[in-house]
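Protein chains: 4
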Amino acid sequence: MLGADSPNGRDPGGDTLHEECGVFGIYAPGRDAARLTFFALYALQHRGQEGAGIVTFDDGVANLHKGLGLVSQVFNEENVATLKGHHAIGHTRYSTTGAVTLRNTQPYVLETFDGPLALGHNGNLINSPQLRRELLERGVGLSSSSDTEVMIHLLAGAGGPGTDWVSRIRVLMARAEGAYTLTIGTRSAVYGVRDPWGLRPLVLGEIEGGGYALASESCALATIGAAMIAEIGPGEIVRIDDAGYEIIPGAVPRKLSFCTFEEIYFARPDSVFRGRLVHQTRQAIGRQLAREAPVEADIVVPVPDSGIPHAIGYAQQSGIPYSEGLIKSRYIGRTFIEPTPELRRDKVRMKFNPLPANLEGKRVILVDDSIVRGTTSGPLVALLRKAGAAEVHLRVACPPIAHPCFMGVDMASRAELIAANLTVDEIAEHIGADSLAYLSIDGMMAALHEREGDAPVEPEIRLNGNGTGTGTGSAAPLAGYCNACFTGVYPFEGVPVDLESKERFAGIVGHG
Amino acid sequence: MLGADSPNGRDPGGDTLHEECGVFGIYAPGRDAARLTFFALYALQHRGQEGAGIVTFDDGVANLHKGLGLVSQVFNEENVATLKGHHAIGHTRYSTTGAVTLRNTQPYVLETFDGPLALGHNGNLINSPQLRRELLERGVGLSSSSDTEVMIHLLAGAGGPGTDWVSRIRVLMARAEGAYTLTIGTRSAVYGVRDPWGLRPLVLGEIEGGGYALASESCALATIGAAMIAEIGPGEIVRIDDAGYEIIPGAVPRKLSFCTFEEIYFARPDSVFRGRLVHQTRQAIGRQLAREAPVEADIVVPVPDSGIPHAIGYAQQSGIPYSEGLIKSRYIGRTFIEPTPELRRDKVRMKFNPLPANLEGKRVILVDDSIVRGTTSGPLVALLRKAGAAEVHLRVACPPIAHPCFMGVDMASRAELIAANLTVDEIAEHIGADSLAYLSIDGMMAALHEREGDAPVEPEIRLNGNGTGTGTGSAAPLAGYCNACFTGVYPFEGVPVDLESKERFAGIVGHG
Amino acid sequence: MLGADSPNGRDPGGDTLHEECGVFGIYAPGRDAARLTFFALYALQHRGQEGAGIVTFDDGVANLHKGLGLVSQVFNEENVATLKGHHAIGHTRYSTTGAVTLRNTQPYVLETFDGPLALGHNGNLINSPQLRRELLERGVGLSSSSDTEVMIHLLAGAGGPGTDWVSRIRVLMARAEGAYTLTIGTRSAVYGVRDPWGLRPLVLGEIEGGGYALASESCALATIGAAMIAEIGPGEIVRIDDAGYEIIPGAVPRKLSFCTFEEIYFARPDSVFRGRLVHQTRQAIGRQLAREAPVEADIVVPVPDSGIPHAIGYAQQSGIPYSEGLIKSRYIGRTFIEPTPELRRDKVRMKFNPLPANLEGKRVILVDDSIVRGTTSGPLVALLRKAGAAEVHLRVACPPIAHPCFMGVDMASRAELIAANLTVDEIAEHIGADSLAYLSIDGMMAALHEREGDAPVEPEIRLNGNGTGTGTGSAAPLAGYCNACFTGVYPFEGVPVDLESKERFAGIVGHG
Amino acid sequence: MLGADSPNGRDPGGDTLHEECGVFGIYAPGRDAARLTFFALYALQHRGQEGAGIVTFDDGVANLHKGLGLVSQVFNEENVATLKGHHAIGHTRYSTTGAVTLRNTQPYVLETFDGPLALGHNGNLINSPQLRRELLERGVGLSSSSDTEVMIHLLAGAGGPGTDWVSRIRVLMARAEGAYTLTIGTRSAVYGVRDPWGLRPLVLGEIEGGGYALASESCALATIGAAMIAEIGPGEIVRIDDAGYEIIPGAVPRKLSFCTFEEIYFARPDSVFRGRLVHQTRQAIGRQLAREAPVEADIVVPVPDSGIPHAIGYAQQSGIPYSEGLIKSRYIGRTFIEPTPELRRDKVRMKFNPLPANLEGKRVILVDDSIVRGTTSGPLVALLRKAGAAEVHLRVACPPIAHPCFMGVDMASRAELIAANLTVDEIAEHIGADSLAYLSIDGMMAALHEREGDAPVEPEIRLNGNGTGTGTGSAAPLAGYCNACFTGVYPFEGVPVDLESKERFAGIVGHG
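Protein chains in written order, with the working numbering: chain A, 1 to 512; chain W, 1 to 512; chain S, 1 to 512; chain L, 1 to 512.
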């Protein structure tokens with residue numbers, strides 16, 4: 001099951017996709033920028049639980065505090081009080097590389113000829129090995145294997161002394177390839193940047209009482225009482241400062257390729273993308289799934305929490321009652337205690353408990369958002385059966401994932417992706433479901449593009465043992481999304497052959 | 001809103017009831033008792049997040065580890081490895097007194113003439129000032145103001161040297177008045193005890209592969225692969241040891257008075273009380289609420305997470321679609337950062353975000369489990385309206401709480417209980433709901449006693465501005481539950497006049 | 001080398017004796033008792049580095065803070081601020097039992113019928129197994145294997161409710177056998193108690209500006225600006241309260257048996273015992289050692305730091321210049337890093353570095369305070385030789401230690417004591433010294449009793465391969481000291497056969 | 001009193017000079033370089049107690065661990081085990097700037113085009129503002145205000161890709177002005193560098209069993225069983241690698257200006273400079289002081305610990321017996337507890353206790369290494385008098401300090417230096433000494449240059465109320481030392497006018 005976890009606490013051993021970060025920026029004269037940033041990061045906690053940081057700017061000086069752990073663990077009244085100033089950027093981090101160290105925690109901060117510079121990044125560059133090499137050739141040393149460090153040095157060195165920041169950002173955008181949503185802080189302004197493909201989200205809000213804020217998701221704006229006023233477009237730069245906000249072209253936009261998984265799984269359901277509430281989008285996906293893959297059953301049960309809106313949509317469309325069948329432990333506290341051998345067989349029990357009386361004798365439609373490695377689905381199906389379910393039909397709110405991501409999602413390698421190795425029928429057998437269906441890619445695109453009043457996409461697609469569907473799906477509905485993990489078609493011309501080249505380049509390991 | 005929080009992370013400032021603890025005991029020859037206890041406590045985490053402890057018994061010696069924080073924070077492989085033995089007791093703690101100190105963390109352990117003795121307690125004694133005084137008069141010094149310390153000293157001193165443990169437990173039961181569910185560990189056995197009123201739950205399970213376990217809730221049994229075989233009755237002692245298990249009368253049972261709030265809110269929905277899954281009970285309550293207090297509307301929305309099963313029941317009965325309208329932050333990490341003045345008005349936004357597109361133009365039935373001080377309901381209603389709800393009708397899954405609890409629930413004082421000071425109409429106005437209805441006490445009892453195939457309780461009760469109902473409510477349906485917080489009728493004859501007397505007696509303050 | 005370490009940081013692996021604790025008490029109207037106690041404990045840090053605690057009394061309530069580590073680590077402004085009141089007791093702890101846990105940290109505090117009671121203890125009871133058994137038989141449970149817990153329960157239970165504290169202390173003194181110096185805090189007074197043998201020290205001081213204080217050593221009084229006014233006598237109780245101070249007979253004094261090692265090694269050199277500065281006493285011992293065991297040499301070199309005053313005395317008497325030959329690392333930070341195999345041979349190098357140019361070609365008299373297991377002396381001698389010393393003559397400021405201590409000093413077991421197993425000649429050969437001499441017991445007694453103007457004790461004793469001397473030593477000079485570790489003659493009639501019986505009785509192990 | 005503290009625990013409020021760091025490097029095939037580095041840093045702990053770090057090189061990768069606190073706190077078996085490799089550099093840090101943050105802890109590590117590069121630094125550049133500006137102009141961003149970061153970036157960027165490290169180091173040496181002793185680690189070698197003035201020490205040793213090591217002081221070599229083979233000369237580079245060691249000219253040596261205070265106070269007495277044991281040098285200084293400033297007295301007493309060797313020398317020369325008069329607390333644990341108002345007057349009592357019986361009625365010569373602000377000397381003199389001293393004559397082992405240091409010693413500002421504001425007579429009166437004499441600069445130089453067999457420098461200098469002497473002091477004896485703090489003559493032509501310019505340049509503040 002993909003994604004049952006990330007918005008609810010990271011689960012490194014779980015069968016889950018991981019997002020790489022949340023970014024935030026604020027310029028709010030007369031306000032305590034650090035405090036507002038804290039609450040915004042708190043709302044973006046689902047985008048990274050390994051570290052957090054805030055940089056404020058006050059009287060030309062950058063004030064920094066960052067640390068490992070949850071936002072609430074990193075910050076306290078004492079350190080927030082040191083973060084003076086009315087403009088700031090902040091970051092929550094999920095690390096794709098093994099070691100979780102303070103050194104890699106963001107934002108990065110550098111002093112430059114033109115004053116302090118802070119950078120927070122969500123995404124992943126595909127040409128960072130080349131960029132690193134260029135910096136190293138120029139004699140700039142690097143202290144980590146991080147893309148973000150590469151970008152901040154590019155910014156610091158772009159143009160000569162005195163070059164304005166927009167020009168520098170444009171230099172960076174001309175050179176960087178891949179996914180990058182950035183917030184940038186300087187002495188007198190905060191900038192937001194979205195890559196030309198629009199792979200990762202970025203929104204702009206107006207703060208009640210004055211000032212503007214930038215965030216990965218609108219939920220962070222809502223939390224601090226700001227109203228969303230725009231989604232930043234691909235290739236755009238937005239500057240917020242004393243003059244208000246200005247949206248500035250930064251690079252020629254490319255074919256829009258917003259990560260589908262932001263819609264399906266990563267984003268909080270109360271965020272808004274492309275003008276639509278994510279929860280609504282997921283309900284539409286659930287409805288489409290019900291149209292494509294109907295089955296006679298007694299109840300629709302989600303894999304909590306990420307499968308809930310999909311399941312609600314499925315129930316709406318099918319008329320089959322929505323119910324709860326699994327309770328998920330609410331306590332994040334990761335445990336490192338090894339289960340006894342007897343418990344190990346039932347490892348999924350540590351996280352989910354079934355509700356037998358709700359399931360007894362029932363034909364259950366279990367709705368999950370995705371399947372990555374397929375290691376959780378089987379135990380979940382078995383758990384439901386043991387709790388009395390008469391039948392278990394698994395419905396998955398996206399197509400099979402058969403290709404790795406190079407744009408910042410921490411997915412399993414291709415060898416581990418179950419759909420890269422087995423057919424849908426084989427997967428169904430592997431996990432022991434009475435039936436299994438994935439949403440078709442056309443259906444998914446239709447659901448993503450559906451607007452109220454639209455005629456529903458008619459399911460010419462039939463459940464045929466290949467959940468990706470055989471529909472007539474034109475290219476059109478794909479417009480605007482990156483579906484590379486489903487299709488293997490990446491938004492860039494040249495995808496790096498050797499994913500690990502970046503790692504090999506990194507000559508420094510350790511803490512401190 | 002009562003209870004939206006406790007099973008999901010404690011919220012000291014919130015409008016929430018708090019349970020006082022989870023207990024566990026295990027006797028399992030050949031098994032790693034500490035490890036199994038760890039996973040059971042993990043499953044009982046919702047009953048106390050302030051501290052946890054495990055005591056194992058091995059070769060006549062008690063091995064102890066306890067600490068402050070979540071179960072996953074207190075225990076690690078290293079300290080679990082020191083807890084040798086195949087029988088153990090464990091405890092998760094919520095503290096009603098101000099200071100959270102290691103000294104008060106349970107289990108308590110004492111060496112006695114007859115070997116080490118460990119005690120874990122869930123509940124609250126009402127005659128502890130008298131018991132303390134008696135101990136002090138006998139020359140026994142006490143190191144805390146805890147009821148549990150009083151009980152362990154009573155056990156240690158009952159009878160003379162060599163007195164068997166069942167006899168000692170009976171002495172304790174003859175003296176103690178109030179709520180107490182205990183697990184007790186000695187050199188050769190583990191005991192479970194439930195007070196004569198049955199105020200707090202205790203269940204017995206059989207471990208797959210051999211041995212028995214005792215737990216506050218059956219969810220802990222399920223997590224470690226044990227099957228529930230009995231709920232321990234009021235006044236009963238159960239001993240588990242090499243001979244298996246034995247249920248022994250401990251004290252004359254009094255009128256059964258199981259805490260209604262275990263059913264409504266405290267317990268995990270996957271636990272079973274009185275033979276019925278708590279989730280099912282809550283659905284029945286929701287259905288009854290729909291019968292008693294119907295209203296024309298477009299969607300039924302729960303206050304997550306504790307209102308969900310009630311809302312599902314309401315939706316089932318009413319035929320109005322179930323939906324989500326509020327997203328709750330999944331991150332426990334309590335923050336101590338003060339919001340800015342602007343944010344303070346919207347404090348509920350730190351915890352809940354609305355889903356506008358789900359709510360826009362809709363007439364919403366908001367289902368909450370309870371209302372304690374009423375400080376959260378108003379902001380929640382306002383939040384829904386601001387997000388577009390056309391109407392907000394609040395339905396509460398229990399009657400108004402107008403009386404404090406002396407049996408171990410950390411409720412507000414009478415002065416703070418909104419229903420002790422305002423009528424239902426006044427509360428509705430205070431919180432700004434289009435309508436407000438509480439479940440009637442008769443309806444609640446009917447739902448608690450309802451069994452499949454029962455005819456539904458007909459709502460002679462009408463919504464009339466006094467949600468406690470005017471039904472003909474016989475005593476019968478009340479059988480078995482303590483409803484003192486609704487009715488002011490306590491299960492004991494003499495309720496302590498001076499709640500704080502216990503505190504005044506405590507002469508020691510501090511840490512270490 | 002005995003004792004090179006304890007006043008300078010504990011060294012568990014070293015060849016060192018360890019003291020068991022420092023006690024303090026204060027009654028000072030109008031003063032911040034906790035703060036003064038903090039600085040006094042800081043001055044008593046050499047008597048225990050494993051934990052510390054302070055209990056103050058304010059308005060009938062005992063305020064407690066204790067923790068593991070150095071005094072400066074346990075206390076900070078925040079927790080000192082919570083310790084209100086003008087009377088207090090404090091404790092620094094060295095633990096002889098394996099586990100260092102908060103549970104065993106002192107002072108112990110109990111609520112009794114007559115208010116809170118706090119107890120700090122320095123010493124060791126020899127009849128605690130019997131006392132424990134009696135308490136357990138009375139039905140009093142115990143939570144640790146500590147003598148101190150036994151004593152506080154004896155105090156709490158002595159007489160009936162309302163019994164005055166002096167009477168209770170007398171009951172305790174009548175029952176306890178062994179070494180105990182106590183400070184006791186109650187609602188309205190602080191008490192000091194010294195056992196009838198006077199094994200451990202206790203002094204009384206008057207605070208400049210008003211009030212009185214009790215301390216293990218006078219150095220603590222000096223640190224807080226108090227003047228020593230008396231050494232409390234064996235079997236005496238002293239009470240300090242609003243009425244000033246009163247010295248009260250507590251038990252019939254026995255033959256005075258003050259621990260010789262307090263004079264030789266444990267106490268800080270700036271403390272005063274029996275009216276004489278410890279540094280002076282140690283110089284006198286050094287002078288006596290020079291008379292008894294002269295040798296032609298170029299320099300007198302101490303084993304720092306504890307051997308310094310002895311060496312200064314030796315130099316004075318012999319006329320051979322005092323010099324430094326070894327530098328000791330000043331950093332306590334115990335390291336747990338294992339040395340490489342090559343370094344392991346030179347383990348003493350981690351702690352001592354030689355000063356080659358001071359030693360080169362020199363005949364060196366190395367003065368150490370004592371030898372316990374003999375594991376350090378050999379490497380030290382080798383180190384000096386390697387650094388160029390032509391000859392190394394080891395002189396030890398006390399007789400050979402051949403018997404274990406049961407009165408609170410953490411000495412090696414008999415099997416480990418080198419002098420219990422080898423003759424002085426064998427030891428000299430074992431450690432590779434050119435010559436080795438211990439001080440005779442008569443000489444030591446003479447030095448301890450020497451007063452200015454005394455004729456020096458003439459060394460009839462000759463260096464003859466048995467450093468304990470063959471003098472005519474009458475009993476007289478032994479008066480007043482416990483020399484059991486040298487002579488095997490213990491101050492008590494019945495010494496426990498089974499040292500470990502206390503441990504076997506302890507049924508509880510663990511942390512929390 | 002200057003320096004009573006630094007080798008024994010930092011005392012930020014004390015009247016003490018502070019050194020800025022200890023450096024170490026090792027290349028030892030087949031050995032566990034990290035473990036040896038750990039023990040070497042442990043021996044260099046007196047040169048910095050705020051942070052420590054180790055970088056090892058293994059298979060082209062740099063492995064780093066650093067942290068705040070003592071060496072023994074930063075490292076444990078677990079993290080040392082991650083530091084694979086047989087060559088390494090290490091660092092102990094004392095920070096002159098306010099905030100102690102991990103970010104500034106050394107060694108610094110960068111990845112460069114030619115592999116990882118690590119740098120540890122002891123000293124202070126006087127032209128870092130210019131160097132920073134040049135880097136910033138080149139577009140290199142900086143993350144701290146540290147000189148060390150400036151130097152590592154200069155190294156990384158010197159020459160083009162592929163430039164060898166010796167060439168790069170020469171570029172750095174051509175540009176950097178001020179005090180810098182460096183150890184540098186690269187993939188295949190370790191380098192040591194000493195600035196052209198030789199301001200800070202650096203020694204080379206041969207490891208028993210193979211390999212070489214570089215250290216600030218020879219005491220670190222001794223601790224790991226290495227023999228010192230050379231002191232690195234001013235302007236020299238030494239490379240240690242598979243080929244052994246090579247000493248290479250790096251920059252034209254300037255007039256040798258070794259910091260006098262390394263000899264007088266900073267270095268451990270068991271280190272060797274210019275072929276002579278520091279302890280011997282200090283004795284020679286003490287002897288010279290006795291010649292220059294004799295006084296009739298009964299005992300010579302050091303201010304422990306740093307005054308001890310000077311006092312031993314004074315006693316040797318004068319024939320007046322050496323004694324102890326002050327005991328210094330051995331516990332580093334800095335306390336942050338504020339003393340009571342009464343104690344504040346006696347603040348020196350927290351650190352020193354007098355030995356009254358040693359002092360009573362005695363005429364005391366008190367020997368201290370230096371006086372900086374003069375805040376401790378007065379209280380010390382008063383302490384001795386109160387303890388019974390009949391007279392107190394203060395003798396100081398160096399001339400008056402009247403000028404601030406720009407080369408890495410954390411001295412008071414000029415306004416705070418007592419000798420910059422008062423004459424020696426005034427100082428004597430201020431501190432209440434019966435007489436006060438400083439060593440003359442000629443006498444100090446003579447003592448530093450004295451070799452065994454030298455005729456002593458005859459004290460033409462007389463004690464005349466100006467301790468700096470009126471001797472004929474030729475330039476000759478000054479050869480080789482920086483005496484700027486005494487003379488105001490700095491080794492550089494241009495001393496920065498504005499000491500704080502470096503700080504003003506730093507645009508980043510904070511932790512993380």
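What the hints contain is simulated information worked out from the structure, not anything from laboratory work. Note that the coordinates shown come from a computational prediction; the quantities given were computed from them, not determined experimentally. There's no promise every hint is true.
Heads up, the list lumps identical chains together, so a pair's fine if it works in one copy or across two of them.
DSSO-like cross-link-like pairs, simulated, lysine-lysine; straight-line CA separation at most 30 Å [unchecked claim]:
{"no.": "1", "residue 1": "Lys386", "residue 2": "Lys347"}
{"no.": "2", "residue 1": "Lys328", "residue 2": "Lys347"}
{"no.": "3", "residue 1": "Lys255", "residue 2": "Lys328"}
{"no.": "4", "residue 1": "Lys347", "residue 2": "Lys84"}
{"no.": "5", "residue 1": "Lys386", "residue 2": "Lys84"}
{"no.": "6", "residue 1": "Lys386", "residue 2": "Lys255"}
{"no.": "7", "residue 1": "Lys255", "residue 2": "Lys84"}
{"no.": "8", "residue 1": "Lys255", "residue 2": "Lys347"}
Check each numbered hint from earlier against the structure, then list the numbers of those it violates in ascending order.
3, 5, 6, 7, 8
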